[in-house]
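Student: The primary structure of each chain is shown beneath.
Protein chains: 2
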Amino acid sequence: MEKTAFDARYQEYLAAIEDYLNSLFAEKPHWADLYEAMRYSVLSGGKRLRPVMTLEFARLCGLDWHKAVPVGCALELVHTYSLIHDDLPCMDDDDLRRGKPTNHKVYGETLAVLAGDALQPAAYRLILTAPGLTDAQRADCALILANASGPDGMVAGQVLDTLHHPSAQDELTEVHHLKTGAMIAGACMLGVGAAGGSEAARKAAEDYGYQLGLAFQIRDDMLDVIGNADEFGKPIGSDKDEGKVTYVDLLGLDDCGKLVHELTEQAVSAVSDLDRDGFLTALAESLTERTK
Amino acid sequence: MEKTAFDARYQEYLAAIEDYLNSLFAEKPHWADLYEAMRYSVLSGGKRLRPVMTLEFARLCGLDWHKAVPVGCALELVHTYSLIHDDLPCMDDDDLRRGKPTNHKVYGETLAVLAGDALQPAAYRLILTAPGLTDAQRADCALILANASGPDGMVAGQVLDTLHHPSAQDELTEVHHLKTGAMIAGACMLGVGAAGGSEAARKAAEDYGYQLGLAFQIRDDMLDVIGNADEFGKPIGSDKDEGKVTYVDLLGLDDCGKLVHELTEQAVSAVSDLDRDGFLTALAESLTERTK
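Protein sequences appear in the order of chains C and H. Mapping the first sequence onto the working numbering, position 172 (from 1) lands on 196, and the numbers just tick up by one. Mapping the second sequence onto the working numbering, position 282 (from 1) lands on 306, and the numbers just tick up by one.
It is worth saying that the hints were derived from the structure and are not from the lab. Watch out, some of these pointers could steer you wrong.
[As the list claims (entries may be wrong)] Listed next, the in silico DSBU-like pairs over lysine-lysine satisfying Cα-Cα at most 30 Å (straight line):
1) H:LYS282 / H:LYS268
2) H:LYS268 / C:LYS129
3) H:LYS124 / H:LYS316
4) C:LYS91 / C:LYS316
5) C:LYS264 / C:LYS227
6) C:LYS91 / C:LYS52
7) H:LYS129 / C:LYS268
8) C:LYS71 / C:LYS124
9) C:LYS268 / C:LYS129
10) C:LYS129 / H:LYS316
11) H:LYS52 / C:LYS268
12) C:LYS129 / C:LYS316
13) C:LYS52 / H:LYS227
14) H:LYS52 / C:LYS227
15) C:LYS124 / C:LYS268
16) C:LYS71 / C:LYS282
17) H:LYS282 / H:LYS316
18) H:LYS129 / H:LYS52
19) C:LYS227 / C:LYS316
20) C:LYS52 / H:LYS124
21) H:LYS52 / H:LYS124
[Stated by the list, open to error] Label pairs and their calculated CB-CB ranges:
22) C:GLY132 / H:PRO125: 24 to 30 Å
23) C:GLU266 / H:ALA160: 42 to 48 Å
24) H:SER222 / C:LYS27: 33 to 39 Å
25) H:HIS188 / C:ALA253: 36 to 42 Å
26) C:LYS227 / H:HIS188: 30 to 36 Å
27) C:ASP43 / H:ALA253: 28 to 34 Å
28) C:PRO125 / H:ALA160: 26 to 32 Å
29) H:PRO113 / C:PRO125: 41 to 47 Å
30) C:GLU42 / H:PRO53: 35 to 41 Å
31) C:LEU274 / H:GLY267: 39 to 45 Å
32) H:LYS129 / C:PRO125: 27 to 33 Å
[Claimed, not checked] If you only want the chain H side, here are some residues facing chain C, beta carbon under 8 Å, derived:
33) ASP57
34) LEU67
35) LEU135
36) PRO145
37) LEU152
38) ARG162
39) ALA170
40) PRO175
C-beta: ideal position from N, C-alpha, C; glycine also.
Construct the entire structure; sequences and hints are all you get.
Tutor: Listed below in structure tokens is the structure:
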């Protein structure tokens, strides 16, 4: 796919996603402080990689992709809650996220915990009231999200990462598979689920997401060494400061770069039957050289 | 309903609930510590009031109540996560819950936050894979849970309670409505939703739950003054120690007692058409004199 065509579609998806997210929690109930804390993190930018994947898979499976926006954004809310909680003092204790003060630095720990807590049911509400989907599609999507983010997905990965000090390569791979892979694979599968796509498409989405999730995380480890703090949005070297063993420690930068490319090829190969005009391929390849 | 018949049915429900909860997170994955922390709080007893209500409303709406067990227990998981997070140092900072050390006292803050986080998707997973329900019933139940526990339900109440220092009676009522009422009403509505019951039954369940939720919370305020710490499972006077204004401060014990009875009568009246053999009435009345 031509870069201009890729960029145009990405921007079209991104605009729809930002518009939709911006419409959430805009009212002012008595507890407007909760809404404000939720909005602060939900609207703090980011690439919106996950919902973009949801929209493209939905489109490829024959759905008007606009109908998948609430579903993709639901996963983005869950991703956002996980970032808020990951940054807490009792977790990674980070002050900066995407170049801005973390949620608890702005709103305090109490509200940060609660904003994260509220984003989870808010996400399911978006899926379960998504216009134009059947009950079966809604139920399917809600289950995909629950599996991706639950005690055998993202949270399991976070437990291993934070408390188990993974150091061998298979341990790191398991952490990334659960913590990052499950949610990226979930985002892809949500598009298939929203569209009522085939089992083959679901399997392709899952494989694409998991391979890309691992590549994404290894690239993250690399950026923690070679990145630019302003662009990356957080301090360089924080993994080392936190005593974390990364892929770069185990393989070195060069082999990490090669592995990112290999995983990206595998991801692309998984969707070869589905990726008719090459958006998923271009997306995967764009991530190999990302700097933020 | 005769007390022995009431007790027998309550015990039958309770046994099914405990059996089901006991079957959860029993495997030993690499992240068995997460499972253990989740189980610690999920299995720490309690009256299981909420899932009992789910089962009775499901039965009254014509469902084999056994099919509603996963749905009722899902709400109990969400209730449990809220207790774990409420007890955290950055919330109420409590050391004891139901007479046992709180989750973070046993497992540390990091794992307590994550165990709470994981219980939410785990709850949706139970609903969305509940055997014997249609997709429409599953989607309906998942939405009821999301509404009850979300940023316009339980978490909103927790924000007001923890951060807004409610002191006038209408402020306290709003807190209890959101923090306690929404989840008890949600438990009742889940039974109707699982059974595919009528709109009238759903409205009755909602009213019953909200009235009873408020009565429950006022009784809680009373027990914080007149209770027995061993029976109540937490220190007496903790509301005062935390500087919280309660219904007892505003109305005095006698008028609180009267209000509990009035609200209970209203709850009973809301289900007069539905409560064929009087279980809901007996349940409501049993709560007015509870000591734990």
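Student: Would you list, in rising numerical order, the hints stated earlier that this structure does not obey?
Tutor: Hints 5, 10, 20, 24, 26, 27, 28, 29, 31 and 34 not satisfied by this model.
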